[in-house]
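**Q** Sequence:
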Amino acid sequence: MLKTHTCGELRASDAGKEVTLSGWVNRRRDHGGLIFLDLRDRSGITQITVSDDPEGNPPNGANPSSASSNGNNCAGALATASQVRSEFVVQVSGSVQKRPQGFENAELETGEIEVIASELQILSEARTPPFVLSGNQGDEVDEAVRLKYRYLDLRRPRLAANLRLRHDIVRFIRNFFYDRDFLEVETPILLKSTPEGARDFVVPSRIHPGRFYALPQSPQQMKQLLMIAGFERYFQIARCFRDEDLRADRQPEFTQLDLEMSFVEAADVMALIEEMLISLSAEVSDKPIQNLPFPVLTYDEAMDKYGIDRPDLRFGLQLFDVTELVRNSRFGVFKNAVAAGGIVKGIRYPQGAQLSRKDIDDLIEYVKPYGAKGLAWIGLTGDAGDNGQYSTDNLRSPIIKFLSEEEIAGLVTASGAEKGDLILLVADEPGVTNPALANLRLEIGDRANLVDSNLLAFCWVVDFPLLEYDSQEDRWGAIHHPFTSARDEDWSILEERPADVRAKAYDVVLNGWEIGGGSIRIHRSNLQMRMFQRLGLSEKEVDEQFGHMLEAFQYGAPPHGGIAMGIERVVALFADAQSIREVMAFPKTATGTDLLLEAPSPVDDDQLAELHIAVRERNPVKS
RNA sequence: GGGGGCGUGGUGUAGCGGUUAGCAUAUCGGCCUGUCAAGCCGGAGGUCGCGGGUUCAAAUCCCGUCGCUCCCGCCA
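Counted from 1, the first sequence has number 268 at position 268 by my numbering; the numbering is strictly sequential.
For the record, the hints were derived by calculation from the structure and aren't laboratory data.
Beta carbons are placed, not taken as given, at the ideal position from N, Cα and C, and that holds for glycine.
It cannot be assumed that every hint is accurate.
[Stated by the list, open to error] Distance windows between CB atoms, simulated:
id	residue 1	residue 2	range
1	ASP168	GLU473	41 to 47 Å
2	ARG85	VAL296	56 to 62 Å
3	ARG11	ALA448	42 to 48 Å
Model the full structure from these sequences, guided by the hints.
**A** Laid out in structure tokens, this is it:
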């Protein structure tokens, strides 16, 4: 070994030891005849002190010792140290010394000691890095630069800590399921394309011209087949691929904790995952869990109170519904929206009544991407009268003149607003009103500083609808996936009232991020067939695409269900990262490129020919 | 597919119609024995993403394009 100790382990109790360390030069502080090197390896940083004085010099020249030579090479080490630059890889031998009193560094684990170098050897020189790797300055650097030099970015303490945290989390998860008798099984990466769900990444077959494999969006079918195979408890840390547009929390390839269990009901899977998440949180985080056991919301409750199926419960500000109150309002925006089948909901902005017109306009702009045409707003600038009601004098609002006293009173009551608060309202179809207010709620939480970032607010969302109508394709589609079972009592209305069928599905949410979702599956082939038909697949299509599943269900399929959790999202939440890229070693950009490898890239014509592929130019050059 | 933001020495930024394109940091050289964002002195480094246009004059205004990013659609 080129080192006897790591750069993170030496303490005052090691004083006097002769050690050899190897690592990267984090920083150099050159005082001429005295040079300090901060030597970094993955375990930490140790200060190396290099001078031409082999005894190690007391501070401030209080006791200048003679430059006696005792056979080591301090002068050589000093000369080498003056050559050394940031990120050089060096090997140092020397003696561990307690630092002189007053010169300890409390910032460093090893800050009580320093290594007085007797030998210093450059193992590898380094070009000047494109950005500063020590400290946190690199956080400000353009992400494109960081991605191109990802191997340098990963030397930075924050990124390195994120990957270590990810390792700790995955190790914890594996051990948790090993201990509970789960079998870890690897499933294929080369699978079969199916039309349901996300767009597939596709791999051409050389041996079978014109045919393609698909990369797994998740190992869904394989894990169900493993249940039919009798394994009863399966899990896998599985790589998944989805060819869809990306976001801060979505990458084209990502990792799931995928698991499946036989002879269970939803409550069994939920209890197990809840236990896992509770102990995982205790293991890797100092933050307390806000509510135990995890609150369970139905989908309808979540949409009603938060406008979204993944509510951030770290703060209140529930939405309120005033559709009935304003159904016959003189205010046309409300009345017309309701008449058109829409809803009118709102949210309270605590102490928002005095926001500037610009701030309010910003909120209106904020809501527009979600389709809302605007925000109606009422500021409670003054006090309520003796009767508890607000008069026009004590309100600030462009719409007040359109509202009756009853409507104003009703709005104030429904919102729970008090003096100084601002009421914000959206009137539109539910598919616009809810997302607009849900995101507005987050924005208000942020602006009004209502979010306690030191909390872990887990919750379950259950009773999802099984199906949703796809107006573009004019058919019903599975919200979760086509193997999800309806609740037993709802099978009878699958054909007649598909919108009302609830699924045996459950999502687990942490601080407003959906970190996992699962369901109890259909395990009987006749019900699965009914489901496929409900989704509008012809018998031929079912046979071609899912025939193997239906056939498998005919050979003794146990009742089963499971869940999948997004590892990157979990790690990002525990790491306080804004993007899952921050917890991946080599992530791709928002357009799916790899700036380090420069992928995707063209391939040789020969290679294409072998795969029976012809590339069609997107914009043919006109000759 | 759509919308917003950003793009100026290596990095982070100021400048937003006429500047010698400023600052910080990194970098290079010199001095320096107690620093830990070391300090002090000095130097080098920019065709302002790219292309086109407007103008006497463009980093600055306009159009296009490329890249990064956030969001909508999409993501069972």
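**Q** Confirm or reject each hint.
**A** Structure-based check of each hint:
For ASP168 paired with GLU473, a C-beta distance near 44 Å keeps the hint of 41 to 47 Å intact. For the pair ARG85 and VAL296, the beta carbons lie near 57 Å from each other, so the given range of 56 to 62 Å is met. The hinted window of 42 to 48 Å between ARG11 and ALA448 holds, with their beta carbons roughly 46 Å apart.
Going through the hint list in order, the structure satisfies each hint without exception.
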